[in-house]
Amino acid sequence: MNAVTFALRSFGREARSGEVVVLLAAVALAVGVLTAVGFLTDRIGKAVARQANEVLAADLRLRSQQPVPEAWRELAANFRLQTAETQVFPSVVYAGEQSALATINAVSDNYPLRGAVRVADTLFGEQRTVSGTPPRGEVWADGALLARVNADVGDLLQVGEVELRVSAVLTYRPDQSVGFASLAPSMLVNIADVPETKLLGEGSRVRYALLVAGDEQDVNAFYADIEEQLPEEIRASDREESSEQAYSAADRAQRFLSLTAVVSLLLSAVAVSMSARRFMQRRLDTVALMKSLGATQQFVILAAVTQLMLLGILGVLLGSVVGYAAEEAVAWLLADIIAADLPDPGAMPVLLASGSALVLLAGFALPSLLQLKHTPPLRVLRHDMMPPAPSRLLVGGLALLAVAALVYRAVGDARMLLILLSGIVVIAAALYLLGRLLVAMLGRFRSGVGVAWRYGLANVARRGRASAVQVVAFGLGLTMLLLLTIVRGDLLQGWRETIGDDAPNHFMINVQPHEIDSVTAIFAAGGVAKPEFVPLVRARMATINGEDVRTRKYPDPGGEWMANREANLSFAAELSPSNEIVAGEWWPEDYSGAPLVSVEEEAARETGLALGDKLVFKVAGQDIELTIASIRRVNWDSFQPNFFMVLSPGALDQMPTTYIAGLRLGDEQQAVLVALVRAHPSISVIDIDAILQQVRNIIDKASLAVQAVFAFTLAAGIAVLFASVQSTIDERRFESAMLRALGARKQTVFAGVMAEFAALGLAAGLLASAGASILAAIIAVQLFELPYTFNPLLWVAGIVAGVLVVCASGYLAARGAINSPPVEVLRAA
Amino acid sequence: MDTNSVNGATVLEAYKISKQVSSPEGHLTILSELSFVIEKGETVAVVGPSGAGKSTLLAILAGLDLPSSGHVILNGKNLGELDEDGRALVRAESVGFVFQSFHLVPSLNALENVMLPLELAGASDARAASHAIIEQVGLQDRWRHYPAQLSGGEKQRVALARAFATEPAVLFADEPTGNLDSRTGENIMNLMFELNHNSATTLILVTHDQVLAGRCNRIIQLDAGLLVDDSRARR
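Top line first, the protein sequences correspond to chains X and S.
First residue of the first sequence: 1, per the numbering used here; consecutive thereafter.
First residue of the second sequence: 830, per the numbering used here; consecutive thereafter.
It should be emphasised that the hints constitute simulated quantities derived from the structure, not laboratory data.
Short, incomplete list of chain X residues facing chain S, as computed with Cβ under 10 angstroms:
| hint | residue |
| --- | --- |
| 1 | 10 |
| 2 | 295 |
| 3 | 374 |
| 4 | 377 |
| 5 | 381 |
To give a feel for the contact side, a few chain S residues facing chain X, derived at Cβ under 7 angstroms:
| hint | residue |
| --- | --- |
| 6 | 884 |
| 7 | 888 |
| 8 | 893 |
| 9 | 894 |
| 10 | 914 |
| 11 | 917 |
| 12 | 920 |
| 13 | 921 |
| 14 | 926 |
| 15 | 932 |
| 16 | 934 |
| 17 | 946 |
| 18 | 949 |
No residue lacks a Cβ here, since even glycine has one placed at the ideal position from N, Cα and C.
Work out the full structure: start from the sequences and follow the hints.
What follows is the structure in structure tokens.
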């Protein structure tokens, strides 16, 4: 009989034994967890991305000064994509004698393809979501526009040569921009009404757009098809260039999800490797016996590999069932945040998870199994005979290779892979070395403690290498969980701060200096605190260190745009709280010397500016020379007014200055806006409540996802600890029986085992806290661009969790061993 | 005349075998230049005090371990010239084992444990042959039981059935009654000699048990690694 037949025939019998079940469970767990996490990340990632796409009202937007060619709409239809069209142009609208400049947004039937339009029935009244677009002959107008022309719902607005009835107040459209570009308040009209306005003629400033949405793959295929033939004047934009805030939240959520996927992968890897160790150890006796009965090395290896493969297949099947069940449960739990119309991920997460689990099994269990072939047959007579330890290079190499391949697949980012892998290797090595050191030190304490602790500590010391390996397994598991906890906390905290409850939900722009007092008075009357007015001066950059900005070479195309556009300058005595100096120094509050400027970090990099450079700006016909005194990092997520260039006080005195201010208005305070806009028609109020709400939505979804995935990984982590205790269970069973046979009380044996676990947990917790702190600092800064703050509580948490979790899983795993009657155990040995 | 006595063919030859191991205290000599020849059908007891080197000798004779010097020829094959797989094949073809602690595979039932060496040797009728021998050791009603469900004596019966199943040229037994009470031990002894008698196997056993040693027709006595006596019983 050949080895494969033998392995297949004996597998059924082998499968009844405990170690096969444990390894099977580890593989199944890996598949289950990876499937669930894969499914979650896929669903939530798509849901978040789709939410972020709302800022385009589409997945892709093609904008042009010319009508978008009909052929492209047909092409989009061929790719099974939905399309809609928009035409945006400025025009003066009239209501009776009153007139105001408005931005006309003419939209076709399907608009918006992503997100929804919200309207209110009265000025600043309760808003509701509507589907569809204004019917022909009707218009949904911005409250500010209505206030300016003194009109209300039901009134007629003259737009070009047609009169349109205001049927609702427009409060939100997904593609409204948060920037200051669209100064004129907007109105939504039916695209079919546009020709009759006769506003679109030669030289009119219309921006045409084709909106496209559909399955991600279809959109990408469509884009790939048109990319080549895209004429200069047509700009394609996807979400990455749109709302910074929405996108950065979504992007971080995605990164966190892939980080979580990696962590669950690593935890599964530790679980598989620990149970594979036990699988191998339990088979030593059988293999030795087989060899003494005449089995060859090839036979042993072939049989073991066949069984491993069978085990892998079984584990994958079992895990897929678990994974599918988890998927269903997750989908049910998160039903309201996971859009029902997302394409079904199908078998993909299960397939990927299964593949990953098999790679893990090969990477972590194969070396252990290969070691079996060297089992000395003499072991049948001398039980302490062990096979020579496998080459560490082989074991480490294979495991690292497996992990690297899988992590790369999960994050798809070489830099992150490098950070994570080097982190893991360094931490594992440090854990091992420090583990051995701690183990050696613990051994010395044992003379000063009671019998239970002496026994426990002696055990830790005696198992030397094995104890260190356990510390590594516990420690790695804990590191991952702590890391995830910190990063998750930092993320949630960062998001909360981003959109705090006091974040402004309205912006006032174009406030003249003489209007500040009157505006403040209107607010005071309406019970609104005086907002902070931030000065703004329009200017153009002329030279950098004497070099004309138009001919200068820039390190980045963004820099050229930055230097040549009309710039908004501001000045301040104090640094805004959402800013941080990264180079140079902020000027003293009472500074009154030569004009200085503080430049935003990214702008300085793209434009190639350094401290001490001289910039000349043209403001209202005058040249102002500025010296760069500092470089600032700006938290653009803060929704506070921020500027690329902030000047020292006095630099812009006598220059035409307007003010902008952020306002936080409650629902009941909206009426103040009507009074404001009526009294000061030239002031524009931008309502960003809607966009804030949108960003909050994304953050809520991402937070929920983060919590759910975290819970899954936590479960996997505890399973790992359990598996690693299980791997020493035989030895413990025998020892406890022996001790009890020698007259130790059950309680003493138990206390001894607990002392051992507590010592291991302490060592692992200590090391994990250190590892997680370092990794978290790197990850927070490098990947999430969040400031990292050292948290001493983390160490307490790490150590307490280490001791508690290790003791708890140790108790559960060792309980049976301690309780089993000594005579049975000793007889079976 | 006893049918189990010498019939002239050499089945095992030990030539000047020595075994040294290194220990923290320096080199330790476990066996020192032992030489003897065992003929087909002999029953040989290896006796001696603890630490005399009995188990090491058994391991070397069976090819489980190699001597530091000297050589062993088992069933015509020089074990020292074979690699581990070569020695495994020799064991599969011509060696059976009975151990003090039985060494049954816990995940296999009694019958499957007996089938194991037959299957390893490539026998086509492993199941039928195993059933036959299970019957010979009196466990026909318990063949479905797992080791954990069997008493010590029953486990050793299964081990005996497994050892004799392949009809080995040499059967090595390491303290086969050491883990059993005297009454069960005697039953096992009887069974072992009966099976040996029926199959004309050469039996080499290591034992402390004087009664068991006395039933063999040859006793090799070791002390501190030296062969101090090698006598054939005249019965």
